[in-house]
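J.: Make the full structure from the sequences, and use the hints.
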Amino acid sequence: MENYGDELFKGANHKLFEFSKVLRKTQTDAEAIVWRSLRNRNILGFKFRRQHPLDKYIADFYSHEAKLIIEIDGGIHNQVDNIEYDKNRSYELEELGIKVLRFTNEEVNESLGMVMDVIRGNLQK
1 MENYGDELFK GANHKLFEFS KVLRKTQTDA EAIVWRSLRN RNILGFKFRR QHPLDKYIAD
61 FYSHEAKLII EIDGGIHNQV DNIEYDKNRS YELEELGIKV LRFTNEEVNE SLGMVMDVIR
121 GNLQK
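Heads up, the sequence shown is in this note's numbering, so the first residue is 1 and it goes up one at a time.
To be clear, the hints were calculated from the coordinates, so they are not data collected in a lab. One thing to keep in mind: the hints can contain errors.
[What the hints assert, rightly or not] Taking lysine to any residue pairs in the SDA-like style, the calculated list, with each CA pair at most 25 Å apart, reads:
(1) 125 - 96
(2) 10 - 96
(3) 47 - 94
(4) 99 - 68
(5) 47 - 35
(6) 10 - 97
(7) 99 - 40
(8) 25 - 112
(9) 67 - 39
(10) 99 - 66
(11) 10 - 85
(12) 56 - 18
T.: Structure (structure tokens):
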């Protein structure tokens, strides 16, 4: 693994690393679709990691080079408690200098081209 020191994980604890392994093995269909588009530096040469621990969170996809997180949200994220949690989570990660993009499963399944265009646009900034 590249040597980024703690900058790559922003102090994430070991339990998050264990949980991230579980999440990688149980990814959703929408996450699998996005991962196929992001992996192996497929998008503008940027490296992405999936289910990557950062601070006290796990990002669905993270590019350390671009300081960009991509989240794929299922229906559970529409519940009131989760909307507020996601908003706070995004705020805290953005305070660390990391941009957070959120897409729904439906957007991935029905408009993958649009999703990739938005990601590409953010990577080109």
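J.: Work down the list of hints and note, for each, if the structure agrees.
T.: Status of the hints after comparison with the structure:
no. : hint     : in the structure
1   : 125 - 96 : holds, 18 Å
2   : 10 - 96  : holds, 8 Å
3   : 47 - 94  : holds, 19 Å
4   : 99 - 68  : holds, 5 Å
5   : 47 - 35  : holds, 11 Å
6   : 10 - 97  : holds, 11 Å
7   : 99 - 40  : holds, 21 Å
8   : 25 - 112 : holds, 22 Å
9   : 67 - 39  : holds, 16 Å
10  : 99 - 66  : holds, 9 Å
11  : 10 - 85  : holds, 19 Å
12  : 56 - 18  : holds, 13 Å
In the structure shown, no violation is registered for any of the earlier numbered hints.
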